[in-house]
Amino acid sequence: MSTLILSTATRYLMPLLLLLSVHLLLRGHNEPGGGFVGGLVASAAFALYTIAHGVDQAKRMLRVDSKTLIGMGLFLALASGTFSLFAGDPFMTGLWMKEKLPTIGKVGTPVLFDAGVYCVVVGVTLTILFALAED
Amino acid sequence: MSQILLLPILIPLLTAILSLLAWRRPALQRLLSLAGAAALLFAGLGLFTHVWKEGIQAVQVGNWPAPFGITLAADLLSASMVVLTGLAGLATAVYSLAGMDRQRESFGYYPLLHVLLMGVSGSFLTGDIFNLYVWFEVLLIASFVLLGLGSEKTQLEGTLKYVTLNLISSALFLAAIGMLYGVVGTLNLADLALQMQSARQPALIFTLSMLFLIAFGIKAAIFPLFFWLPASYHTPPAAVSAIFAGLLTKVGVYALIRVFSLMFAQDMERIRPVLLTLAALTLLTGILGALVQKDFRRILSFNLVSHIGYLIMGLGLMTPLALAGTIFYMFHDVIAKTNLFLFSGVIHRMRNTYRITRLGGFYASHPGLSILFLIPALSLAGVPPLSGFWGKLVLVQAGLEEGQYLLVAVALGVGLLTLLSMGQIWAEVFWKDAPIASESESAGAKVLEPGPWLLFLIPMGALALLTCLMGLFPQPVLKLATQAAGQLIYPEAYIRTVLGGRP
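If you read the sequences in order, they're chains A and B.
Residue numbers 0 to 134, in numbering that gives the first Met the number 0, belong to the letters of the first sequence in order.
Residue numbers 0 to 502, in numbering that gives the first Met the number 0, belong to the letters of the second sequence in order.
For reference, chain A alone in the conformation it holds in the complex (with noise of 0.2 Å):
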């Protein structure tokens, strides 16, 4: 199952997809990107990781189980639009800082909506995945 090759390639390239799926969600509000995007190469990742090492070994790299991940996202997605609630305006309205941070550039509530939606993409295509991988 698990050769020499995929399994140093694979030490080198998942922190490399990981940070360029953060890079699609940050970037995905007015550029191509976001949240959905974000989570398929971060599951990718993942996925690379449990061909070359297995599901045990992938699900002790994620840490959490992949339905809460499921459950967290739809959390941070129904946060995301109860902000603008207690500001006065109705739900789901985009509340942006003032300034831009720097490197990640302006932060609203959309921003965090979008990371909603990348933990529910990685946490359902993991469930499958996983799901697929163990029979």
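One should not assume that every hint holds.
Below are the SDA-like pairs computed for lysine to any residue, each with C-alpha atoms no more than 25 Å apart in a straight line [as the list claims (entries may be wrong)]:
(1) B:K52 <-> A:L84
(2) A:K66 <-> B:A26
(3) A:K66 <-> B:F106
It is worth saying that the hints were derived from the structure and are not from the lab.
Quick caveat: nothing in here was measured; it's all calculated off a predicted structure.
Following the hints, put chain B in place on chain A, whose structure we already have.
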């Protein structure tokens, strides 16, 4: 304060999320499900009182102005349907505590149930036709999994039929939305109502109306598109079929009412004959199907189809009185149908079979339960003074006023045949002596402990009580139905609220 409109959507979502996070702890999930369903009912009641006092409410989600953003809107019909969603949801949640097996619980029954409730509430509250499509998908996906959950052979067969036909319906719905957008260039329901008045392509608009009729007709199970319903509703556990029977077809009918009253009111002359013919055929085929069935839940399923005919009849007549009748009948039907399916589950629990020829003797062994069953059953048949009687009375009166004598005759005849169908269940399941149970039946039959008994009896008793109350004091409900129908026939207030003062 109009943000209260969001609660019936957010509460089930939050409940689903929390029970997803509590994936490995079924006991906690049960508690969450109960609390979530109760909160949904209270939110629905809160929304209803708000709409009753302050008139129609609208929220522009994300602060994008209508008609460009997505609007949520609640008039009396939406608000009361949300209350019924909460009611059916709570009844099912309580019933599921004792009625759901461990295996289904551990594979996410509770999160799915609440996603379904979210989809149903969302469909009732949205003021945007594409958003309606999205809510339909939410509730359909949840219902696909709920129907197939457990993977019994009959279940998978039923699910396959259900999924296929509903996907066709969704495709048609989406195509219709695309065409509609091509014709008038808007998706907001209130804006659509305005634009359609000045649209000048009568042939295209008639085509559109028929496309919507087919798309929603499949979901509402009207003739000749209902075959998926009796093929699938008898396969999942009783709690699942109860919530499906109570709510899902009604979402289809609600969508028909909303779309036809807002968008096609001026084309009603041409649409009416189609609707009335379909109503009569739905009434007849449904009840004739019910009379030849031998499975408890298949009888109920065919009755469900048949009684959709009454709802379509009121929609087709499209007078204030007829719509009031449809709305009243919808209230009655949600409560009575949910209850009857819950009853079938309890019976199955005690004898491990749904075949009415294999059942019997319940009047001798459980007289109280038998009398309780008679309330929704007789109400369905329209026996005064139960709730079904008043709904039928109003619809028949509306039919007579419009001179639709043949349709009225069919409606009355179907009422009698429903009585016959319910009488058949009564005679077979409750009255005749119990046949000797076969080995497989007695192996799966369970003696009910007092705890589960109570969890079964509370929702069934509460729903039966509501049926009685609606029958004994029909005046307030009729007043509500009349006002809700008034808001549908004269949509100016709805349009003004949604578009925010624009003419």
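- Message: So, against the hints stated earlier in the document, which numbers end up violated here?
- Response: none
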